[in-house]
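Novice: Protein chains in written order, with numbering that gives the first Met the number 0: chain H, 0 to 147; chain L, 0 to 427.
The reader is advised that the hints may include incorrect statements.
[Said to hold, decoys possible] Sample of chain H residues at the chain L side, in silico, Cβ under 8 angstroms:
hint : residue
1    : 4
2    : 35
3    : 36
4    : 37
5    : 60
6    : 61
7    : 62
8    : 91
9    : 125
[Claimed, not checked] Derived EDC-like pairs: lysine to aspartate or glutamate, alpha-carbon spacing no greater than 16 angstroms straight-line:
hint : chain 1 : residue 1 : chain 2 : residue 2
10   : H       : 118       : L       : 351
11   : L       : 24        : L       : 5
12   : L       : 183       : L       : 211
13   : H       : 15        : L       : 362
14   : L       : 183       : L       : 130
15   : H       : 139       : H       : 8
[To be verified] Pair by pair, the computed Cβ-Cβ distance ranges are:
hint : chain 1 : residue 1 : chain 2 : residue 2 : range
16   : H       : 96        : L       : 263       : 13 to 21 angstroms
17   : H       : 12        : L       : 147       : 36 to 44 angstroms
18   : H       : 101       : L       : 82        : 37 to 45 angstroms
No wet-lab data here; the hints were simulated from the structure. C-beta: ideal position from N, C-alpha, C; glycine also.
Read off the chains here:
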Amino acid sequence: MKLDSMYQEIILEHYKNPHGKGLRDGDAEVHHVNPTCGDEITLRVRLDGAVIADVSYESQGCSISQASASVLNDLVVGKSVGEAQAIQEAFLELMQSKGKGVGDEDVLEDAVAFAGVSKFPARVKCALLSWMAWKDATAKALAEHPAV
Amino acid sequence: MTTHPDSALAGLLAEAQEFGETIRKDFPILQRVLHDDKPLVYLDNAATSQKPQQVLDALNGYYERHNANVHRGVHVLAEEATALYEGARDKVAAFINAPSRDEVIFTKNASESLNLVANMLGWADEPYRVDADAEVVITEMEHHSNIVPWQLLSQRTGAKLKWFGLTDEGRLDLSNINELITEKTKIVSFTLVSNLMGTVNPVEAIVRRAQDVGALVLIDASQAVPHMVLDVQELGADFVAFTGHKMLGPTGIGVLWGRQELLEDLPPFLGGGEMIETVTMGASTYAPAPHKFEAGTPPIAQAVGLGAAIDYLSAIGMDRIAAHEHTLTEYAVRRLLEVPDLRIIGPRTAVDRGAAISFVLGDIHPHDVGQVLDEQGIAVRVGHHCARPVCLRYGIPATTRASFYLYSTPADVDALIDGLHHVRNFFG
Numbered sequence: 000m001k002l003d004s005m006y007q008e009i010i011l012e013h014y015k016n017p018h019g020k021g022l023r024d025g026d027a028e029v030h031h032v033n034p035t036c037g038d039e040i041t042l043r044v045r046l047d048g049a050v051i052a053d054v055s056y057e058s059q060g061c062s063i064s065q066a067s068a069s070v071l072n073d074l075v076v077g078k079s080v081g082e083a084q085a086i087q088e089a090f091l092e093l094m095q096s097k098g099k100g101v102g103d104e105d106v107l108e109d110a111v112a113f114a115g116v117s118k119f120p121a122r123v124k125c126a127l128l129s130w131m132a133w134k135d136a137t138a139k140a141l142a143e144h145p146a147v
Numbered sequence: 000m001t002t003h004p005d006s007a008l009a010g011l012l013a014e015a016q017e018f019g020e021t022i023r024k025d026f027p028i029l030q031r032v033l034h035d036d037k038p039l040v041y042l043d044n045a046a047t048s049q050k051p052q053q054v055l056d057a058l059n060g061y062y063e064r065h066n067a068n069v070h071r072g073v074h075v076l077a078e079e080a081t082a083l084y085e086g087a088r089d090k091v092a093a094f095i096n097a098p099s100r101d102e103v104i105f106t107k108n109a110s111e112s113l114n115l116v117a118n119m120l121g122w123a124d125e126p127y128r129v130d131a132d133a134e135v136v137i138t139e140m141e142h143h144s145n146i147v148p149w150q151l152l153s154q155r156t157g158a159k160l161k162w163f164g165l166t167d168e169g170r171l172d173l174s175n176i177n178e179l180i181t182e183k184t185k186i187v188s189f190t191l192v193s194n195l196m197g198t199v200n201p202v203e204a205i206v207r208r209a210q211d212v213g214a215l216v217l218i219d220a221s222q223a224v225p226h227m228v229l230d231v232q233e234l235g236a237d238f239v240a241f242t243g244h245k246m247l248g249p250t251g252i253g254v255l256w257g258r259q260e261l262l263e264d265l266p267p268f269l270g271g272g273e274m275i276e277t278v279t280m281g282a283s284t285y286a287p288a289p290h291k292f293e294a295g296t297p298p299i300a301q302a303v304g305l306g307a308a309i310d311y312l313s314a315i316g317m318d319r320i321a322a323h324e325h326t327l328t329e330y331a332v333r334r335l336l337e338v339p340d341l342r343i344i345g346p347r348t349a350v351d352r353g354a355a356i357s358f359v360l361g362d363i364h365p366h367d368v369g370q371v372l373d374e375q376g377i378a379v380r381v382g383h384h385c386a387r388p389v390c391l392r393y394g395i396p397a398t399t400r401a402s403f404y405l406y407s408t409p410a411d412v413d414a415l416i417d418g419l420h421h422v423r424n425f426f427g
């Protein structure tokens with residue numbers, strides 16, 4: 000069924016038990032909103048040299064946006080900025096695939112579960128909200144603390 | 000209208016089922032089956048209504064037989080197009096009981112109608128001019144289209160923007176009306192029916208206070224005109240704005256009704272063809288209202304379609320439609336309140352409320368509610384419904400909104416309730 004392809008068990012699991020939620024110290028903070036639905040996220044990035052030391056966030060929104068923030072935290076914390084950016088680009092590409100992409104599980108891990116969401120144009124923005132906030136916050140953090 | 004005991008409601012529901020089923024035969028889109036085997040249950044009428052075959056035929060017929068630009072043409076098609084376009088104006092005027100057809104201005108939608116008034120007042124001479132000494136009063140339950148134009152006007156002129164707050168029950172808080180509407184108030188602009196909560200507002204009390212202090216009154220009737228008898232003379236307002244697509248008409252056509260002497264005094268906003276009397280390179284004089292406010296080629300086919308929609312609604316009778324929707328609203332409120340963890344945002348009775356009902360379902364986000372309902376063929380709207388201040392007022396990020404119309408049935412309500420139970424199980 001189409002709906003199950005969006006609400007994968009793994010997405011609902013992240014939604015109910017989000018990883019890394021809550022605001023902690025960071026080098027940069029951004030606030031992003033999805034104006035069509037009112038989803039919001041405040042996200043902080045802390046860098047340790049060229050490594051993403053922490054991604055912390057407070058957010059409200061649907062299951063897709065909340066689960067996506069949780070998966071983001073899993074995937075990028077502890078990675079180098081370059082690796083994390085590659086993961087972000089892979090996730091963006093998957094979300095823009097209009098249901099055709101499957102995602103490389105070696106790169107995206109749990110995030111491949113979002114492949115089904117890409118079939119629902121109205122929900123793609125939900126999945127991308129935290130990732131766009133992370134990209135923005137990381138750029139700000141790098142501007143303030145040039146790492147390399 | 001009042002609420003009914005169970006025994007009386009049962010009879011009304013059977014009647015409403017038959018009425019809705021008869022009406023929906025005229026709406027081709029309502030025959031659609033979604034996701035292989037789910038008949039469409041369309042409960043997004045506050046966003047836009049569906050169109051009956053009669054309106055679709057009027058649009059097609061216009062383009063197939065009469066299409067031409069209006070006014071000043073001397074050929075047959077131009078005369079026919081003009082007659083149809085101006086005929087639609089007559090239909091609108093009669094439908095809202097306007098004293099004169101020249102008080103009916105066609106716009107592209109209600110937002111443009113509201114912006115038009117804000118801009119008329121921004122550029123007006125005294126006594127209408129909104130300037131740094133003036134105050135503008137709106138309410139916290141407005142659609143963004145009746146907030147942002149006034150914010151823009153206030154920012155540009157220095158006028159002060161004030162607003163009525165809301166009670167916990169989803170009504171306007173009129174307790175400070177005399178402090179809000181004062182001698183400084185130039186205009187009071189408010190919605191007759193809330194698009195998010197369905198609340199029907201007390202026009203008379205507000206109009207009376209505004210008139211006492213010499214303020215103009217603009218009523219956003221977008222959620223009212225499609226659903227009830229609306230008589231602009233009875234309302235006592237100076238301007239009434241609404242849109243065609245929510246009342247079975249096509250998109251791209253809206254209406255601003257204004258009192259004739261005001262339309263004569265107030266300046267135009269958009270300049271262009273059709274709105275002039277004479278033009279030299281130095282200056283222009285303007286056509287009388289309504290043409291003064293209709294620059295450029297108007298939405299001709301859309302006006303014709305709106306005229307057909309009005310014919311359709313009038314043949315059924317707006318009082319009959321209002322009674323049908325009241326029955327559905329009463330039934331829907333009752334059944335929604337039976338769903339565990341469901342909280343209605345707005346009046347929890349059918350008294351002084353329209354057929355748009357917003358709610359939150361536990362901590363399940365409205366996006367998720369809407370998505371699971373869609374899987375069952377049920378179309379609702381989710382989000383802040385362009386009325387974000389209402390969501391802020393009640394401490395919620397968004398709502399799910401079901402809204403009914405003349406072709407809705409009690410079976411649609413049942414489908415919604417079954418769907419909501421399914422949503423709860425899915426995320427439970």
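Novice: Each hint should be assessed against the structure and marked as holding or not.
Specialist: The hints, checked one at a time:
This hint is violated: residue 4 of chain H has a C-beta 11 angstroms from the nearest C-beta of chain L, more than the 8 angstroms allowed. Of the supplied interface hints, the one on residue 35 of chain H holds, with its beta-carbon coming within about 6 angstroms of a beta-carbon of chain L, less than 8 angstroms. At its closest, the beta carbon of residue 36 of chain H sits 5 angstroms from a beta carbon of chain L; the interface hint therefore holds under the 8 angstroms criterion. A least Cβ separation of about 5 angstroms between residue 37 of chain H and chain L falls short of the 8 angstroms threshold, and the interface hint therefore holds.
About 6 angstroms separates the beta-carbon of residue 60 of chain H from the nearest beta-carbon of chain L, less than 8 angstroms, and the hint is met. Interface restraint check for residue 61 of chain H: the shortest CB-CB distance to chain L comes to about 3 angstroms, inside 8 angstroms, so the restraint holds. At its closest, the beta carbon of residue 62 of chain H sits 5 angstroms from a beta carbon of chain L; the interface hint therefore holds under the 8 angstroms criterion. Checking residue 91 of chain H against chain L by beta carbon gives a least distance of about 20 angstroms; that is not within 8 angstroms, so the hint is violated.
Hint on residue 125 of chain H holds. Least Cβ distance to chain L is approximately 7 angstroms, under the 8 angstroms limit. With a C-alpha separation of about 41 angstroms, the suggested pairing of residue 118 of chain H with residue 351 of chain L is violated against the 16 angstroms cut-off. Of the supplied pair hints, the one linking residue 24 of chain L and residue 5 of chain L is violated, its CA atoms being roughly 29 angstroms apart against a limit of 16 angstroms. Between residue 183 of chain L and residue 211 of chain L the alpha-carbon distance is near 12 angstroms, which keeps this suggested pair within the 16 angstroms criterion.
Proximity of residue 15 of chain H to residue 362 of chain L is assessed by CA-CA distance (about 11 angstroms); at most 16 angstroms being required, the pair is judged to hold. About 10 angstroms separates the Cα atoms of residue 183 of chain L and residue 130 of chain L, which keeps this hinted pair within 16 angstroms; it holds. Distance restraint check for residue 139 of chain H and residue 8 of chain H: the Cα-Cα separation of roughly 34 angstroms exceeds the 16 angstroms cut-off, and the hinted pair is therefore not satisfied. Roughly 59 angstroms separates the CB atoms of residue 96 of chain H and residue 263 of chain L, a value that falls outside the hinted 13 to 21 angstroms.
In this structure the supplied range 36 to 44 angstroms holds for residue 12 of chain H paired with residue 147 of chain L, their Cβ-Cβ distance being about 41 angstroms. Checked against the hint of 37 to 45 angstroms, the pair residue 101 of chain H and residue 82 of chain L fails, with Cβ atoms roughly 60 angstroms apart.
Violated hints, in rising order: 1, 8, 10, 11, 15, 16 and 18; the structure is consistent with all others.
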